[in-house]
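Number of protein chains: 4
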Amino acid sequence: MQFASDNWAGAAPAIVDAIAAEAAGSGPAYGGSDLDKAVEKRFSEIFEREVAVFFVATGSAANGLAMVAANRPGGIIFCHRDAHMIEGECGGVEYLTGGARLLRLDGADGRLDIETLKAAIAGLTPASEHHGQGMAISITQQTEAGTAYSLDEIRQIASIAKANGLPLHMDGARFANALVHANATPAEMTWKAGVDILSFGATKNGCVAAEALVFFDPAKGRDMPFLRKRAGQLFSKSRFVAAQFDAYLRDGLWLDLARHANGMADRLRAGLVDAADAREAWPTSGNEIFAAVKRGAAERLKAAGAVFHEWDRTIGVTVAEDETLIRLVASFATTAEEVDSFLATLGAK
Amino acid sequence: MQFASDNWAGAAPAIVDAIAAEAAGSGPAYGGSDLDKAVEKRFSEIFEREVAVFFVATGSAANGLAMVAANRPGGIIFCHRDAHMIEGECGGVEYLTGGARLLRLDGADGRLDIETLKAAIAGLTPASEHHGQGMAISITQQTEAGTAYSLDEIRQIASIAKANGLPLHMDGARFANALVHANATPAEMTWKAGVDILSFGATKNGCVAAEALVFFDPAKGRDMPFLRKRAGQLFSKSRFVAAQFDAYLRDGLWLDLARHANGMADRLRAGLVDAADAREAWPTSGNEIFAAVKRGAAERLKAAGAVFHEWDRTIGVTVAEDETLIRLVASFATTAEEVDSFLATLGAK
Amino acid sequence: MQFASDNWAGAAPAIVDAIAAEAAGSGPAYGGSDLDKAVEKRFSEIFEREVAVFFVATGSAANGLAMVAANRPGGIIFCHRDAHMIEGECGGVEYLTGGARLLRLDGADGRLDIETLKAAIAGLTPASEHHGQGMAISITQQTEAGTAYSLDEIRQIASIAKANGLPLHMDGARFANALVHANATPAEMTWKAGVDILSFGATKNGCVAAEALVFFDPAKGRDMPFLRKRAGQLFSKSRFVAAQFDAYLRDGLWLDLARHANGMADRLRAGLVDAADAREAWPTSGNEIFAAVKRGAAERLKAAGAVFHEWDRTIGVTVAEDETLIRLVASFATTAEEVDSFLATLGAK
Amino acid sequence: MQFASDNWAGAAPAIVDAIAAEAAGSGPAYGGSDLDKAVEKRFSEIFEREVAVFFVATGSAANGLAMVAANRPGGIIFCHRDAHMIEGECGGVEYLTGGARLLRLDGADGRLDIETLKAAIAGLTPASEHHGQGMAISITQQTEAGTAYSLDEIRQIASIAKANGLPLHMDGARFANALVHANATPAEMTWKAGVDILSFGATKNGCVAAEALVFFDPAKGRDMPFLRKRAGQLFSKSRFVAAQFDAYLRDGLWLDLARHANGMADRLRAGLVDAADAREAWPTSGNEIFAAVKRGAAERLKAAGAVFHEWDRTIGVTVAEDETLIRLVASFATTAEEVDSFLATLGAK
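Chains as they are written, first to last, in our numbering: chain A, 241 to 589; chain B, 241 to 589; chain C, 241 to 589; chain D, 241 to 589.
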């Protein structure tokens, strides 16, 4: 009963097989292999346009380097207050950019509020050498609160971005989960909706370590080979990241893995409706659930071997005195048995 | 006949097996797993003292973060002019430190010259707000020229470092190869000789991606959890790096792999003595060889499928008009057949 | 009728005389002159303890370098949302620190709210490699809203700072105005209340360009000679800054200048009580006033030659449809005639 | 007998008068005054084309921000090994650029050697994510060795810069001295010869603190308002810098001041020819002289009140056992009496 996080999971067998196959061979280092290049092309096919793609070690690195590419002096990034960039990267964006600022904006359900965003941008317009200047908007899909932007919401945010000359970045640490949920194509959820740069995460969805930065206008990624190497993010044996992505993107494996994870979350959601000692704290989609659990039940779950994180950001939801807010994350490796055991421990209404 | 680099090689079977085994399980992310902790302890055993160890994605990251840990305002790092930090990291040290300076020092055979080092330090002593201040000495073991410092040379450099209050860093991208060649213990080649911080590379020697930063005084690595995370260098599925190191350090695998690589290089060295169309350009130890090859023979080698890099840094050796300087690197995966084919193509005297 | 800002004013005659006197002589550059050293000692007398003092070019530089001295990886600075560091320095703190974060906290009247501050610090405690760590608290005295912290409030904030191991910084761009208003000694308003680092501004109060960074524990300023020089903030002819401070601090000139400015503001405040077309928007002390002025009257003032800035940060005060919020700043150079003309233009109730 | 440095001098009376005049008035802060704008235009007249000009606090700041404007990831600046950027700014260029590298090049007499420069650039061409990329060439006019580039040499260097897509920066801390010596116009010595960015120093030549960064293509300075403010280099009372430049550039004062300084240096040079106990160590032009002085005579000079710096960079000149190498700098304030006393103390041949 491992629901702590999708990054607590192992790796999918096809991913491991790809690594093993690559281990037996040899080839150019630093991204120069045929496989690296083939996978880069594969990204263009997946996204239905020519993209520039750069493998990096972590999602934080992808986010940070995306912002380095968008950097402006006195630059300000508009993002939700719960964004991973703010809450979970130890100031990495600020460090890697040499001082860009993350402006924390409110928004219900973990999503940027459109009017709040507009007002924040207006408050910094026109750019001034005193207060600085906007440099990017960043959204997380799916969000840290387990919710997701609709394609229409992305388009609205993108149109604000364009109107203000700001690139729109999407932190897609759980991009596949959001995509599967929305039943959209990768193109629809990104550049067709106005996204300029994507942190494309695969680690959480069954890889060992495979993260990529995708520029939908390759010209905007022109400096990235230098930026990535300078940040210590160019793997010498890049082929092993390429091999993971090759397997991940082949025959829709990535979507299957996400579909499985989302399905397990759905099974959990469905069970919670009838659970005696727990309730969904707020509606989510994808593979994350936030639940308010009776304190006694939470203890029971732990005793039964369930693993999960308690959570302190409630997005405004009231948690009762006798409840604990917990986060539950399903992954490609979650089993129906785990879900059912978890639910059984909670009891039925 | 792949002699381009040890980072062109694949990965050793035991390493892949360890990844596969880890893939089937799950556990805490971000270095919190039992395996991560066990491997960290294993490093202390290997080095015969309590060390602080931090896994990172690349050797460049290890070097850069080592220098971040040693950082001082107006700080100057003393290193050999051919150091990887200077020649091969796109200014990563300068970037990650926010502006430390690498002072390029001469030295025959790719090694720092002791007198040159002393003079450079003396020229910046006492520290001054005008010219800055020394912050570290960095040496590469084995060096970029395929040579190695003797334990005594390391001790001499360390004593200069101590006398001047400078930490001594060792870039050990090919540490195992140097260790096996010197027939020394890890402790003898590092802290017993006065090394303070080690970039411990395993990727080139049979891993997929496994690099570690080792502080022989754990207190000096106190900020490193923050520094590593901030730089986007903390893997979420850190367990997979731990698993690689676990296999790598188990039963002396790492030394066996390096011994094999060095042995293949020795076989090549021995063959070159009698080769008609090539000669060792300068003496090296470990798994790298620099050879002056008749231009015609170089073409012949390529035609026969040999892969290698031409080299432009000669460390003062004269290369004749009709010769090309090339670098040959043996790895854990190099076979005797590859070496023999290579030599056969060169012809006998 | 110049009320735009105290940095629109010229310079006090005694300051200019000091520059002229220094111009006729010569002496060591870069702060090495007897005068530089004498003035540094003078600061220790003024503050009744040994301090380390560093002249810099601007208040932004003083604030930025204070934060560089307090820097920690993943470091977070707690300050009011309207702090000059946030609103008026183009990201200078973030840039000079290489990525520290300014956490914008609410607080009525431009002052940090104690409970908000406590909650923010608690939310980041214990330090974590994920969310980062607190590195400093910064308050502005007098604040950007023209208000001031009482000595007791400073002590409360300082005790929070101490309890959390955070240095307390005071941005004293208008320190003299606050001091005169509080009728406190420099020591009482700073280190006796728990302030660790002070940006001591003199430019706004009658100097040409004289700003200093004061460390009440000189050991904390140990690296500052390097940090200042590295940032391009060490004047070669530092003697001219020293000369300004020498005159400024001699015979209480600085307090007289501030007393005059505050007095002119008081005259304006008193007049506004009876003004027909304007009212104080919120109570301030020191030399700044925020007034809600009937739109017609604002136009009349401009036509009459009054110079002032319209203001958009209302700290919650309601400004009526037919009013404009303006800021009025008195300086050492403001005359009673200017004030009276200004009030006359507003008409009497 | 003050020959320590031109930045030990005071300030010219006209400069002080301009400050005093400005002190009596008031006007927009942060460079918005009519005077600021008029002086900016005056620079365009002086240089015979439209330029973008930015006042900053120090020459180090001008140099650093010039390089920030030219910044590229993995960027390498080609400059002479004795450049002030390297020897006298505590790593400011590296810090302000977030990690650009200064490549120390040799060259006789303190000037870049053309062939050495070409080879260094060739060695980094084409740009590579491994070794980085060139970002600028910087020369100092007059050099740190008291010598100067001829217009033709500047043109040669500029043509290399253009051929390699690199901006050419000139550190003109003693620009006026070099200009007067060359009997050239400001345009001829800069953009007409191919210089792109100039650090225009006035402090050493009679100002209190007046340094400017000049972009000969204003578009290249587009970001500079942000870059300058962000670095804490925008004076609030910028009018006082403008006032200094206004007086400095009026009626050729700046050239007169430099002519005087150079004339005093010439008087010293002439006297050294016949001096018993000293000789010019190498030929210089402008206002700096390097002399080899008999040790006894050096003591005699000090006893007589002469102030000067001993020097350790000999540019290859042999200094005898019984000699000391010293630097002598004349300024606008140096008197013939000082020179003659100095020479008298040395005795005649």
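Source of the hints: derived by calculation from the structure; they are not laboratory data. Among the hints, erroneous ones may be present.
List of simulated lysine-lysine pairs, DSS-like, C-alpha gap at most 27 Å [claimed, not checked]: (1) D:Lys277 with C:Lys542; (2) B:Lys460 with A:Lys542; (3) C:Lys460 with C:Lys432; (4) B:Lys358 with B:Lys402; (5) C:Lys358 with B:Lys460; (6) C:Lys460 with C:Lys534; (7) B:Lys281 with B:Lys432; (8) C:Lys534 with C:Lys358; (9) B:Lys402 with B:Lys277; (10) A:Lys432 with A:Lys281; (11) C:Lys402 with B:Lys460; (12) A:Lys460 with D:Lys402; (13) D:Lys432 with C:Lys277; (14) D:Lys358 with D:Lys460; (15) A:Lys460 with A:Lys534; (16) A:Lys460 with A:Lys432; (17) C:Lys358 with C:Lys432; (18) A:Lys402 with D:Lys460; (19) B:Lys402 with B:Lys432; (20) C:Lys277 with C:Lys402; (21) D:Lys281 with D:Lys432; (22) D:Lys358 with A:Lys460; (23) B:Lys277 with B:Lys432; (24) A:Lys277 with B:Lys542; (25) A:Lys281 with A:Lys460; (26) D:Lys281 with D:Lys460; (27) B:Lys281 with B:Lys460; (28) C:Lys460 with B:Lys402.
The following label-pair restraints were derived from C-beta to C-beta distances [as the list claims (entries may be wrong)]: (29) B:Thr554 with D:Arg395: 25 to 35 Å; (30) B:Glu288 with D:Glu539: 50 to 60 Å; (31) A:Thr356 with C:Thr356: 16 to 26 Å.
Think of the CB as a built atom: it goes at the ideal place given N, C-alpha and C, for glycine as much as any other residue.
Evaluation of the provided hints:
For a cut-off of 27 Å, the pair hint linking D:Lys277 to C:Lys542 stands: about 23 Å separates their Cα positions. The hinted pair formed by B:Lys460 and A:Lys542 fails the criterion: a straight-line CA distance of about 37 Å is larger than 27 Å. Distance restraint check for C:Lys460 and C:Lys432: the Cα-Cα separation of roughly 17 Å lies within the 27 Å cut-off, and the hinted pair is therefore satisfied. Between B:Lys358 and B:Lys402 the alpha-carbon distance is near 12 Å, which keeps this suggested pair within the 27 Å criterion.
With a C-alpha separation of about 31 Å, the suggested pairing of C:Lys358 with B:Lys460 is violated against the 27 Å cut-off. Proposed proximity of C:Lys460 and C:Lys534 is contradicted: the alpha carbons are some 50 Å apart, above 27 Å. Between B:Lys281 and B:Lys432 the CA atoms are separated by roughly 19 Å; this keeps the pair inside 27 Å, and the hint holds. A distance of roughly 40 Å separates the Cα atoms of C:Lys534 and C:Lys358; the hinted pair therefore is violated under the 27 Å criterion.
Note on B:Lys402 and B:Lys277: the hinted pairing is violated, with a Cα-Cα distance of about 31 Å set against a maximum of 27 Å. With a C-alpha separation of about 19 Å, the suggested pairing of A:Lys432 with A:Lys281 holds against the 27 Å cut-off. With a C-alpha separation of about 25 Å, the suggested pairing of C:Lys402 with B:Lys460 holds against the 27 Å cut-off. Among the hinted pairs, A:Lys460 with D:Lys402 is consistent with the structure: their alpha-carbon atoms are about 25 Å apart, no more than 27 Å.
Annotation: proposed proximity of D:Lys432 to C:Lys277 is violated, straight-line Cα distance about 45 Å (limit 27 Å). About 25 Å separates the Cα atoms of D:Lys358 and D:Lys460, which keeps this hinted pair within 27 Å; it holds. About 50 Å separates the Cα atoms of A:Lys460 and A:Lys534, which puts this hinted pair outside 27 Å; it is violated. Between the alpha carbons of A:Lys460 and A:Lys432 the distance comes to roughly 17 Å, so the proposed pair stays at or under 27 Å and holds.
For the given pair, C:Lys358 sits about 21 Å from C:Lys432 by alpha-carbon distance, which is consistent with the 27 Å threshold. This hinted pair checks out: A:Lys402 and D:Lys460 have alpha carbons roughly 25 Å apart, not beyond 27 Å. Between the alpha carbons of B:Lys402 and B:Lys432 the distance comes to roughly 13 Å, so the proposed pair stays at or under 27 Å and holds. Pair hint C:Lys277 plus C:Lys402 does not hold up; C-alpha atoms about 31 Å apart against a cutoff of 27 Å.
A distance of roughly 19 Å separates the Cα atoms of D:Lys281 and D:Lys432; the hinted pair therefore holds under the 27 Å criterion. Between the alpha carbons of D:Lys358 and A:Lys460 the distance comes to roughly 31 Å, so the proposed pair goes past 27 Å and is violated. A hinted pair counts as satisfied when its Cα atoms are at most 27 Å apart, and B:Lys277 with B:Lys432 qualifies at roughly 24 Å. For the given pair, A:Lys277 sits about 23 Å from B:Lys542 by alpha-carbon distance, which is consistent with the 27 Å threshold.
Between A:Lys281 and A:Lys460 the CA atoms are separated by roughly 17 Å; this keeps the pair inside 27 Å, and the hint holds. Under the criterion of a C-alpha separation no larger than 27 Å, the hint pairing D:Lys281 with D:Lys460 is consistent with the structure, at around 17 Å. Under the criterion of a C-alpha separation no larger than 27 Å, the hint pairing B:Lys281 with B:Lys460 is consistent with the structure, at around 17 Å. As the CA atoms of C:Lys460 and B:Lys402 are separated by approximately 25 Å, the hinted pair is consistent with the 27 Å bound.
Distance hint for B:Thr554 and D:Arg395: a CB-CB separation of about 34 Å, consistent with the stated range 25 to 35 Å. At about 57 Å, the CB distance of B:Glu288 to D:Glu539 agrees with the hint of 50 to 60 Å. The hinted range of 16 to 26 Å is satisfied by A:Thr356 and C:Thr356, whose Cβ atoms lie roughly 19 Å apart.
Taken one by one, the earlier hints fail for this structure at numbers 2, 5, 6, 8, 9, 13, 15, 20 and 22, listed in ascending order.
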